[in-house]
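Participant: Given chain G, put chains A and B in place with the hints provided.
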Amino acid sequence: MGKDVKGRRDFIGMALGGFTAIVGGIPALYAMKRSWDPLPSVKAAGFTTVDLSGAQENVLNVEKWRGKPIFVLKKSKDMKTDPRDVIVGKDHFHVSIGLCTHLGCIPAYIPNDHKFKCACHGGEFDASGHQIFGPPPSPLEIPPFKVDGTKLVLGEAGPEYKKMLDDGLTV
Amino acid sequence: MAHFEKAKNLNEWLDQRLAVNTLKKVMQTEYWIPKDINFLWAMGMVLAATFGMLLVSGIFLLMYYKPDTNLAFDSVNYTIMSEVGYGWLWRHIHGVGASLVFLIIYIHMFTGIYYGSYKKGRELIWLSGMGLFVAFSAEAFSGYMLPWGQMSYWAGMVITNLFSGGSLEAYGLVEWIRGDYVPADAFLTRFFMLHVLLLPLAIIGLIVLHFGTLRIPHVNNQEGEEFDYAESAELYKAGKVKESKVIPFSPVFLSKDVFVMGVYFLLFFYLVFYHFEFAMDPVNFDPADGLKTPAHIYPEWYFLWSYEILRPFSKDLGLIAFAIAQVIFFMLPFLDRSPNVAPASRRGLFKYWFWAMLIDVIVLTFMGKLPPTDALFATIGLISAVLFFVLWIALPFITKSEKKL
Amino acid sequence: MKELKIFGIVAIFTLVLYWGVEPFAHSQMHKHIESNNFVYTGAADIEEAEAAKDEKRAAKKKAFWTDVAKVAKIKGNVAAGETAFATCMGCHTGLPINMGGVIPPALDHAGALYDKNYLIALIKDPAMASNVDHKYADTTTHPMGSIKMMMSDDQQIADVVAYIMAKKAGEVTTKEAFSEACGRCHAMRYAKTSQLGDTPTFKYKKDELAHKIKVIEEQDAVKAYMGKLPPDLSIIIRARGHHFMETFVENPQGQLLGTSMPRTGLTHEGYEKVKTYLEEVGDPSKPAREELGPKVLLFFFVFTGLAFLWKKSMWKGHH
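Protein chains in written order, with my numbering: chain G, 1 to 171; chain A, 1 to 405; chain B, 1 to 319.
Chain G with its partners taken away, still in its complex shape:
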């Protein structure tokens, strides 16, 4: 009899432990994990949608995405096209993270010269983001984007962006 009671006690003890761990512990851990997740407001701010239908040629539009400035520039007919261009319909756009690849200053756009000029250390980029003068070591980076009709979604990697990555046009 004594053995039986002991076995029963052990079983109930283990059942209690197992129940607590599986039914109580795992959901509690899940709740804790969820508390560490980025907030919905933070996530929503991680994707920026830019409507390109109203863009004017050769006028730089600076958007904000994940704390960084994003350059969106509609190219005019007389400006050189480039494999780095984002094509929406028939229009070519230059889209890049607006931080000089030298030391991260924000270059200004000079519409007459069709180029970006960084006032900090004199670096220059052409309207496709290639470095053409001064210390910048690489072209302006292209943020992950997806073309959605006439809209551009920043933060989502669409096929055009993946192709640019594969071709080594950006990092």
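Treat the hints loosely; a few may be bogus.
[What the hints assert, rightly or not] Derived coverage of chain G by chain A (criterion: at least 3 residues anywhere in the stretch with Cβ under 8 Å from a Cβ of chain A; other residues may be distant):
#: 1; region: 7-21
#: 2; region: 56-63
[Said to hold, decoys possible] Listed below are the simulated PhoX-like cross-link pairs for lysine-lysine, each with C-alpha atoms no more than 25 Å apart in a straight line:
#: 3; chain 1: G; residue 1: K80; chain 2: G; residue 2: K162
#: 4; chain 1: A; residue 1: K24; chain 2: B; residue 2: K312
#: 5; chain 1: A; residue 1: K292; chain 2: B; residue 2: K135
#: 6; chain 1: B; residue 1: K135; chain 2: G; residue 2: K117
#: 7; chain 1: B; residue 1: K311; chain 2: A; residue 2: K35
#: 8; chain 1: B; residue 1: K223; chain 2: G; residue 2: K115
#: 9; chain 1: B; residue 1: K316; chain 2: A; residue 2: K24
#: 10; chain 1: G; residue 1: K43; chain 2: G; residue 2: K117
#: 11; chain 1: B; residue 1: K31; chain 2: G; residue 2: K115
#: 12; chain 1: B; residue 1: K148; chain 2: B; residue 2: K192
#: 13; chain 1: B; residue 1: K212; chain 2: B; residue 2: K192
#: 14; chain 1: B; residue 1: K312; chain 2: A; residue 2: K242
#: 15; chain 1: A; residue 1: K237; chain 2: B; residue 2: K316
#: 16; chain 1: G; residue 1: K117; chain 2: B; residue 2: K223
#: 17; chain 1: G; residue 1: K163; chain 2: G; residue 2: K75
#: 18; chain 1: A; residue 1: K351; chain 2: B; residue 2: K2
#: 19; chain 1: B; residue 1: K311; chain 2: A; residue 2: K245
#: 20; chain 1: B; residue 1: K316; chain 2: A; residue 2: K240
#: 21; chain 1: A; residue 1: K35; chain 2: B; residue 2: K135
#: 22; chain 1: B; residue 1: K311; chain 2: A; residue 2: K24
#: 23; chain 1: G; residue 1: K75; chain 2: G; residue 2: K146
#: 24; chain 1: B; residue 1: K223; chain 2: B; residue 2: K203
#: 25; chain 1: B; residue 1: K5; chain 2: A; residue 2: K35
#: 26; chain 1: B; residue 1: K212; chain 2: G; residue 2: K64
#: 27; chain 1: B; residue 1: K275; chain 2: B; residue 2: K31
#: 28; chain 1: G; residue 1: K117; chain 2: B; residue 2: K286
#: 29; chain 1: B; residue 1: K316; chain 2: G; residue 2: K68
#: 30; chain 1: G; residue 1: K6; chain 2: G; residue 2: K80
#: 31; chain 1: A; residue 1: K315; chain 2: G; residue 2: K163
#: 32; chain 1: G; residue 1: K117; chain 2: A; residue 2: K292
#: 33; chain 1: A; residue 1: K242; chain 2: B; residue 2: K316
#: 34; chain 1: B; residue 1: K192; chain 2: B; residue 2: K286
#: 35; chain 1: B; residue 1: K228; chain 2: A; residue 2: K292
#: 36; chain 1: A; residue 1: K35; chain 2: B; residue 2: K212
[Stated by the list, open to error] One-sided and incomplete, this derived list gives chain A residues near chain G with beta-carbon spacing under 7 Å:
#: 37; residue: D15
#: 38; residue: L18
#: 39; residue: Y171
#: 40; residue: E175
Worth flagging that the hints you see were computed from the coordinates, not collected in a lab.
Computed from a prediction, not measured in an experiment: that's the story for all the values here.
Positions of the beta carbon are idealized from the N, C-alpha and C atoms, including for glycine.
Facilitator: Just chains A and B now, kept in the frame of chain G:
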């Protein structure tokens, strides 16, 4: 309920209820420490004292610190540094203490390695100590985020990026750790929580464990001599202190600790008042700016050796090497195959292993801070990183062949 | 004795470690720039153009600074200078009014703060004097560039500079030195000053916000002109070393090639005043530190001495 007699005095009253006299015996007057020791045996209490300094100064910093990306920088650099009475003193003690605690931890660790204080029976002392090292590292890193200067921000960015696992590109994990795509408010507040609550709790728990692990195997001595503690203790209690091989923790061992602490605090406060810059990087006096990367990003000096192990290899290999370097010291009791408990000087090849390891770690530390663009430094860094692993791989073999003393 | 030997080994390794991560690492990370002792002869500018292999620019700079040296030899007439100085007052009103990108600095203590050679150079060609000519295809487009046309006579320049050195000098406080030399571009929020000067306290929220908007507008103008907003200097004294600050103020291009920060032309005394102010605001605990430090160290000397005696008495008879 137990029966209580009327107590004659406060001590007796407390003894009845708390057994303070027994506690005093167990923890102090009859807690036996070997006599054959040198000042390096005081490093444990020096660490405890430094932790105390960090705790006290931290409490006062906490009263005015604001964990908010818009307010943190000025709450530290303006409110605490120029408005709070003696706020600057707490901050300097906290900054210098955080740096010195690692210096003493490293001295404490290498003392343990030199005298073989991690051998059979003492493995848990070593493992709990390494646990403390990791907890202190996390504590230092999370604390470094709080002033929200340029180095805080970019160190946070670079270190959390490591969790993307190189080619695994686990950016989801990185974002989960940060609570955002980039280090921002959620990042600062969670590291604040870690720094002021969770990690200090873990550290206190580990300190208790670390002390506990010392009890049964006893503290090692300078020659690694094994002797009968009970017999030595009896000799001591019988007044034959000269013949006995032990001393009580309090007051004899402690009296030496206190003297060493005095010397240590002279250095500590010299640094606090006259030479604090080394512990407070100038770059961190520029406010955090996610749009501007500093010219040089490097961790505080105590992380440089492992940072340098990350750098010279390709991205994935570097991460693996870095991950191994973080945990390899845990393995010391199991990789050292020699049963000898003795100072390294008497242990044949291990003697060379010890000095090679110490110097290699120092060279790695030097290279970790230098710009990686210099070819000579990059080569020295690569060689030292490779040597680090060669030494660890060689350890079981050279200790296996060690002659038994 | 053995214990002292062990202590020696620990101390040596600690010092080597310190040397490696601090003095040695910093000597490798930052380029070393020689100080010119705040003498403005254009030597650094010419060297810089030569280093960039820009011979045309180097020749231009050489000619310019030779001219400046020539004017420096002319004896100026203070009374005549006073009349000519009226031209300066057209813009340098001391009021926070932006002109062409920046607020013209107040000249109340210019004679006490700035170098004579520099002032001559500045009137001859402001962009060349402040070594930011690389920003302009034509240096007359500098906000003060038109001075070249307004004051082209060497004697007149010498007169004006003589007047400034004689009459616009006098005692200058550390705060005045900062606000005249730096304050129009750099805010200092820990001292509650912005590009528009001291921030007043307002009774009504509306007035406070209105002032804030004015400050933002001024900052936007400076930003447009400089490329980015010049940093707040509240604790710059702790963010940069003394040597960097000194050589950077002397010739910003030497430390940060291509920067839009102009040379200000401060004399050594002028710079010391500015530095003192930066220390007062950025490192206010310095006097308290210096006062308390020796006392705390003395305490630990006594503590350690007593601890040594206690240890000795406790260990008596143990060996």
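Participant: Now look at each hint and say whether the structure bears it out.
Facilitator: Verification of the hints:
1. 7-21: violated (count 0)
2. 56-63: That given contact is violated, which follows from only 0 residues of the region 56-63 of chain G lying within Cβ reach (below 8 Å) of chain A.
3. G:K80 with G:K162: holds, 22 Å
4. A:K24 with B:K312: holds, 23 Å
5. A:K292 with B:K135: Answer holds: A:K292 to B:K135 is near 22 Å, not above 25 Å.
6. B:K135 with G:K117: holds, 11 Å
7. B:K311 with A:K35: holds, 13 Å
8. B:K223 with G:K115: holds, 19 Å
9. B:K316 with A:K24: holds, 23 Å
10. G:K43 with G:K117: Roughly 32 Å separates the two Cα atoms, so the pair is violated.
11. B:K31 with G:K115: violated, 32 Å
12. B:K148 with B:K192: Outside the cut-off at roughly 36 Å; violated.
13. B:K212 with B:K192: holds, 12 Å
14. B:K312 with A:K242: Since the Cα atoms of B:K312 and A:K242 sit roughly 15 Å apart, the hinted pair holds (cutoff 25 Å).
15. A:K237 with B:K316: With a Cα-Cα distance of about 15 Å, the restraint between A:K237 and B:K316 holds, given a limit of 25 Å.
16. G:K117 with B:K223: At roughly 14 Å apart (the allowed maximum being 25 Å), B:K223 and G:K117 satisfy the hint.
17. G:K163 with G:K75: Between G:K163 and G:K75 the Cα gap is close to 21 Å, so the pair holds against 25 Å.
18. A:K351 with B:K2: holds, 18 Å
19. B:K311 with A:K245: Distance of about 18 Å is within 25 Å: holds.
20. B:K316 with A:K240: Holds - the C-alpha atoms of A:K240 and B:K316 are around 12 Å apart, at most 25 Å.
21. A:K35 with B:K135: This hinted pair is violated, its Cα atoms lying about 74 Å apart.
22. B:K311 with A:K24: holds, 20 Å
23. G:K75 with G:K146: It holds: about 19 Å lies between the C-alpha atoms, which stays within 25 Å.
24. B:K223 with B:K203: With a Cα-Cα distance of about 30 Å, the restraint between B:K223 and B:K203 is violated, given a limit of 25 Å.
25. B:K5 with A:K35: holds, 19 Å
26. B:K212 with G:K64: Status holds; Cα separation ~23 Å.
27. B:K275 with B:K31: holds, 22 Å
28. G:K117 with B:K286: violated, 42 Å
29. B:K316 with G:K68: violated, 69 Å
30. G:K6 with G:K80: Measuring from Cα to Cα gives roughly 86 Å; hence the hint is violated.
31. A:K315 with G:K163: With a Cα-Cα distance of about 23 Å, the restraint between A:K315 and G:K163 holds, given a limit of 25 Å.
32. G:K117 with A:K292: Holds, because 17 Å separates the two Cα atoms, which is no more than 25 Å.
33. A:K242 with B:K316: holds, 9 Å
34. B:K192 with B:K286: Distance of about 20 Å is within 25 Å: holds.
35. B:K228 with A:K292: With Cα atoms ~11 Å apart, B:K228 and A:K292 stay inside 25 Å; holds.
36. A:K35 with B:K212: violated, 70 Å
37. D15: It is violated, given that the least Cβ distance between A:D15 and chain G is near 38 Å, above 7 Å.
38. L18: Violated, about 33 Å.
39. Y171: violated, 11 Å
40. E175: holds, 6 Å
Comparing the model with each numbered hint stated earlier shows that hints 1, 2, 10, 11, 12, 21, 24, 28, 29, 30, 36, 37, 38 and 39 do not hold.
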